[in-house]
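Line by line, the protein sequences give chains U and B. Quick note: the first sequence uses the numbering used here, first residue 1, plus one each step. Quick note: the second sequence uses the numbering used here, first residue 1, plus one each step.
Some hints here could point you the wrong way.
[What the hints assert, rightly or not] Some chain U residues close to chain B (C-beta under 7 angstroms, calculated; not the full set):
| no. | residue |
| --- | --- |
| 1 | Pro177 |
| 2 | Ser298 |
| 3 | Val305 |
| 4 | Leu309 |
| 5 | Thr310 |
[Stated by the list, open to error] Residues from chain U that keep clear of chain B, each with C-beta distances beyond 12 angstroms, as calculated:
| no. | residue |
| --- | --- |
| 6 | Leu19 |
| 7 | Gln36 |
| 8 | Gly51 |
| 9 | Arg69 |
| 10 | Ser158 |
| 11 | Ile197 |
| 12 | Trp249 |
| 13 | Ser258 |
| 14 | Leu280 |
| 15 | Phe312 |
[Claimed, not checked] Computed footprint of chain U on chain B; a stretch qualifies when at least three of its residues, placed anywhere within it, have a C-beta under 8 angstroms from a C-beta of chain U:
| no. | segment |
| --- | --- |
| 16 | 17 to 28 |
| 17 | 96 to 106 |
| 18 | 109 to 122 |
| 19 | 129 to 136 |
Hints listed in this document are in silico derivations from the structure and should not be mistaken for laboratory results. Glycine is no exception: its CB is placed at the ideal position from the N, C-alpha and C atoms.
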Amino acid sequence: MNQAAGISLQILQSMIVVLAAPLLIGWVNICRAWLQNRSAPSIFLPYYTLGKLFHKDAVIACKASALFRTTPYILFGCMWLAAGIVPSLAINLPFAPAADIIALVGIFALARMFSALAALDIGTAFGGLGARREMLIGFLAEPAMLMTLFTAAFISGSTSLDTIVASLAHREFAIHPSLAFAGVAFFMVLLAENGRIPVDNPATHLELTMIHEAMILEYSARHLALIEWAQATKLFVYMIIGFALFIPWGIADVADLSGLPLACAALLAKLAVAGLFLALIETLLAKFRLFIAPEFLSSAFMLAVLGMLTYFLSLT
Amino acid sequence: MNVSFSSQMVNLLAALLLLIAFAMLSQRRVLSLIKLLAWQGAALAAATFIVAWSTGQQHLYLSVTLTVLLKVILIPWLLHRLIDKLNVRWDVETLINIPAMMLVGIGLVIFAFSLATPISQMAGAFTRSTLGIALASILLAFLMMIVRRKAVPQVIGFLAMENGLLFAATSATYGMPLVVELGIALDVLVGTLIFGIFFFHLREAFDSLDIRHMEKLKQD
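The following block holds chain B by itself, in its conformation from the complex (with noise of 0.2 angstroms):
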C-alpha cells in the first residue's frame, strides 16, 4: 500500500471519528450511543491497522486487536447488558440543546484544530494531519461527559475520550509503547466494571442514575 493512498484513508477514518464524536454529541438514545461507542472502535482499530501496515510497526497490530476485541466487542456488550438489568433505557438529557451543544462543538474542533496545527507540523508521521482531529474528539467527548446528566452517558463519554487519546498516539508518534498500550486497555476494562457496580450502589441509593442527586451529599 503507497503512503499517498493509506494517508487519504486514515483521512477519512480520522473523518469518520470525528463524525461519530458529533453524533455521539446529539445523540438522545442510549442504546444507539453504545452502537456510536462501537462504531467509534471500529474506525479507531481501522485507522490503527493502516498505519501498522503501511509503517510495518508490529506492535500496533497488537494494539488493533486490543481495541477490537475491548473496545468494539467487550465494553459495548457489557453496557448493554448493564443497561439491561438497570432497566435504563430512558431518552438522555441534556443541559442545553442540541443546536446550541453543535455550535459549541464546532467552536471546540476549529480550537482544537489550531491547537494542533503547530504540534503536527513538528511531528514526522504521516499521519500528524489528522492529530487535531484526535484532539477535536477527545474535546467533544468532555463535552459530553459535562453536558449528560446521567452516569451511563458520562461513562460512555468517558470511553469515547480514551478512543481519542489512541488515536492522538497513533497519528502522532504511531502509537505508544506496549506496555502503556496494555496498562490502557486494563484500566478500561476495569474501569468499566467499577462503574457498572457504581452504577448499582448509585440506584440503590437514589433510585436513580442522575448524578445531580449527590450533590445532596454536602448538605445533610
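Next comes chain U alone, as it looks inside the complex (with noise of 0.2 angstroms):
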C-alpha cells in the first residue's frame, strides 16, 4: 500500500467532509422549501452565512471565561477528528484505527460536555435551560446510539468501523432483520442529536421549544460561525456512518484507487437521498413537546436493543 496515497486520501476525506457539510444543510433546506412550497434559497446560503459571520467582531460578555472562549474551537475539532475517523470514501486509511465507535461515541459525548458547560458558563437563563434539555436528550439518546453500534458490530464480529464496513459491504446479499431495526433506531437518534425537527426546530428561537439554539445564544461572529459550521459537520458524520452501518456499498479501498471515483458518486447519491429523506420527515411532523422526546428516545432504545435480540434469534 503507498503510504503517501494513503495519507493524501486521508486529507482529502477530512476536507471533503468539513468543507462538503454546509452543502449538504443547503440541500435540506432547498428540499424543505419544495416540499413546502416556498422558493427556495441558494443551496450556497449556508457558505454566504458562515462567511458573514466570519467577518464580524465578536461581542463577548463580561464574565465569560476562557472556557466559554475556547469551546466554539473544541467542538468544530471534535467534529472534525469524527470526520476522519468515519469512513466516506476508501477504507483501511492510515487514521481509521485511531478509534473505534466507542470512541467515537465518546467524542461526540465530549462536543456535548463542552457546549453544554459554555452554556452554564455565561449564567443566563437560556443557557442553563438549553444545557439542561441538551443533556436530557444526549442521556437518552447516547445509549439507544451505542446498542445501534453494537447490533452492527455483532454481525461483522468487530467494533472498527473499518471492519465493519468491510465485512457489511462485502459479504453476500442478506436481509438483515436485525439491522433493519438497528437503521430505524439510528436515524431517531440522529433526528434527536443533531436538533431536527421532531424533538427541537434548527429554525426557530423560541424560547419554550429551543434546545440547542439556546446554548449558543450568546455567541456571535467567529464563534458563532465555528459552532454551526460544527453543528452542520455533525449532520454530516451523522449521515456517513448511517450509510456506513447500513447502506455501506460502493466504498473504495485504499490500496485500489481505481474504485475512488464511483466511491464518489455512490457518496453523492446518497447524501441526496438522505437530505431529501431527512426534508420528507421534517416537513410530515410537527415538532414534539419537550416531554415526548424521552418517549421517542426510549422507542429509539427500544428498537435497537430489539434489532440486537433479533440478531442472536437468528443465530440458533
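The two chains are supplied separately, each in an independent frame; assemble them into the complex guided by the hints.
Right, here's the structure in full:
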C-alpha cells in the first residue's frame, strides 16, 4: 500500500466532509422549501452565512471565562476528528485505527459536554435551560446510539468501523432484520442528536421549545460561525456513519484507488437521497413537546435492543 | 423460491410483527391501534403465504385467505364502525407510562426468546427461529391487555394475541389442522361481535367504556 497516497486520501476525506457539510445543510433546506411550496434559497446560502459571520466582530459577555471562548474551537475540532475517523470515501485509511465506534460516541459526548458547560458559563437563564435540555436528550440518545452500533458490531464481529464496513459491503446479499431495526433506531437518534424537527427545531428561537439554539444564544461572529459549521459537520458525520453501517456499498479501498470515482458518486447519491428524506420527515412531522422526547428516544432504544435480540435469535 | 431466501423473508416479517406489537403497546390513539392491528394481520398473512409457497402445504393457503379476509378487512372494519357508533375517539390511557412499558416489553421479549430457544431446537421447520418472536408478540399482547383501562384496546390486545398464536403455530409446525383453524377464525369473529354488544351494554350501564367501573358491582 502506498503510504503517501493513503495519507493524502485521508486528508482529502476529512477536508471533503468539513467543506461539504454546509452544502448538505443547504440541500436539506432546499428540499424543505420545495416540499413546503416555498421558493428555495440558494444551495450555497450556509456558506454565505458562515462568511458573513466570520467577517463580523465578536461580542463576548464581560463575565465569560476562557472556557466560553475556547468551546467553539473544541466543538469544531471534535467534529473534524470524527470526520477523519468515519470512512466516507475509502476504508483502510491510515487514521482509521485511531478510534473505534465507542471512542466515536465518546468524541460526540465530549463535544456535548463542552457546549453544555459553555452555555452554563455565561450564567444566563437561556443557557442553563438549553444545557439541561441538551443533556436530557443526550443521555437518552447515547445508549440507543451505542446499542445500534453494537448490533452492527455483532454482525461483523468487530467494533472498528473499517472492519464493519468491509464485512458488510463485501458479503453476499442477505436480509438482516436486526440491521433494519438498528437502522430505524439510528435514524431516530440522528434526528434527536442533530436537533432536527421532531425533537428540536433548528430554525426558530422560540424560548419554550429551543434546545440547541438556547445553548448558543450568547455566541456571535466567528464563534457562532464555528459552532454552526461544527453542527453542520455533525449532521454530515452522522449521515456517513449511517451509510457506513447500513448502506456501505460502493466504498473504495485505499489499496485500489480505481474505485474512488465510484465511491464519490455513491456518496453524492446517498447524501442527496438522505437529505431529501430528512427534509420529507421534517415536513411531515410537527415538533414534539419536550416531554414527548424521552418517549421518542426510549422507542429508539427499544428498537436498537430489539435489533440486537433478533440478531441472537437468527443464530439458533 | 429457495429455502434460505424464504427463511430470511419470514424472519423479516416476523421482526415486523414484533415491531408492530411494540408500536401497539406505545400507541395512544384507538384509530391508529386498529390500523396497526390490520397491518399486523397483513404481516402474518404474508409470512404464512411464504411458508405455504416454499413448503407446498396446501391448507396454509386457506389460512392466508382467512387471515386476509378476517384480520385485515372484516374485523378492523367492524371495530372502526363500532367506535364510530360509540363515538369514542379518546386517547387511550395506560396504567404505567410508555417508556417504562417499553422496558417491561424488552424484558418480556428476552424472557420469550430464552423460553423459545430449547423448543425451537426440537422443531424441524425451517421457520423455527421465529418461534421466539411469536411467543414474544403473544406476551406483549398480554401486557397490552393488562395495562389498558378501556375496553376497546383490550379487545384489540386480545386479537393481537390471537395473531401471535397463529404465527407461533405456523413457525413451529407449519400451521394447525384445517378444522382447528376454521374453528379459531369463527371464534374470533363471533368474539368480536359479542364484544361489540358488550361495549354497548357497558356504556349503557356506566356511561363509559372504562372497565374499572365494573369493580363497583362487587361493592353494591
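Here's how the hints hold up against the structure:
Hint status for Pro177 (chain U) relative to chain B: holds, with the closest Cβ pair at about 3 angstroms, below 7 angstroms. At its closest, the beta carbon of Ser298 (chain U) sits 4 angstroms from a beta carbon of chain B; the interface hint therefore holds under the 7 angstroms criterion. Contact between Val305 (chain U) and chain B, as hinted, is supported at the beta carbon level, the nearest pair being about 5 angstroms apart and thus within 7 angstroms. Nearest Cβ of chain B to the Cβ of Leu309 (chain U): about 6 angstroms, under the 7 angstroms cut. The hint holds.
Residue-level restraint check for Thr310 (chain U) holds (minimum Cβ-Cβ distance to chain B is 5 angstroms; threshold 7 angstroms). Chain B leaves Leu19 (chain U) outside its interface by the beta-carbon criterion, the shortest separation being 39 angstroms against a cut-off of 12 angstroms. Even its closest Cβ contact with chain B, about 25 angstroms, leaves Gln36 (chain U) beyond 12 angstroms, as expected for a residue assigned away from the interface. Remark: the non-interface label on Gly51 (chain U) is consistent with the geometry, its nearest Cβ contact in chain B lying 44 angstroms away (cut-off 12 angstroms).
Under the 12 angstroms C-beta cut-off, the non-interface status given to Arg69 (chain U) relative to chain B holds; the minimum distance is some 38 angstroms. The beta carbon of Ser158 (chain U) is kept farther than 12 angstroms from every beta carbon of chain B, the shortest such distance being approximately 23 angstroms. The beta carbon of Ile197 (chain U) is kept farther than 12 angstroms from every beta carbon of chain B, the shortest such distance being approximately 20 angstroms. Every C-beta of chain B lies more than 12 angstroms from that of Trp249 (chain U), the closest at about 18 angstroms, which supports listing it as non-interface.
Even its closest Cβ contact with chain B, about 32 angstroms, leaves Ser258 (chain U) beyond 12 angstroms, as expected for a residue assigned away from the interface. With a cut of 12 angstroms on Cβ distances, Leu280 (chain U) stays outside the contact zone with chain B, its closest approach being about 20 angstroms. Annotated as non-interface, Phe312 (chain U) brings its C-beta within 12 angstroms of a C-beta of chain B; the closest such distance is 7 angstroms. Against chain U, the segment 17 to 28 of chain B contributes 4 residues with a C-beta closer than 8 angstroms to a partner C-beta. That satisfies the three-residue criterion, and the hint holds.
Counting residues of the segment 96 to 106 of chain B whose CB lies closer than 8 angstroms to any CB of chain U gives 6, so the stated coverage by that chain holds, three being the minimum. By the rule of at least three residues with a Cβ nearer than 8 angstroms to a Cβ of chain U, the coverage given for the segment 109 to 122 of chain B holds, with 6 such residues. Check result for the segment 129 to 136 of chain B against chain U: holds, 4 residues qualifying (beta carbon to beta carbon below 8 angstroms, three or more required).
Of the numbered hints stated above, the single one contradicted by the structure is hint 15.
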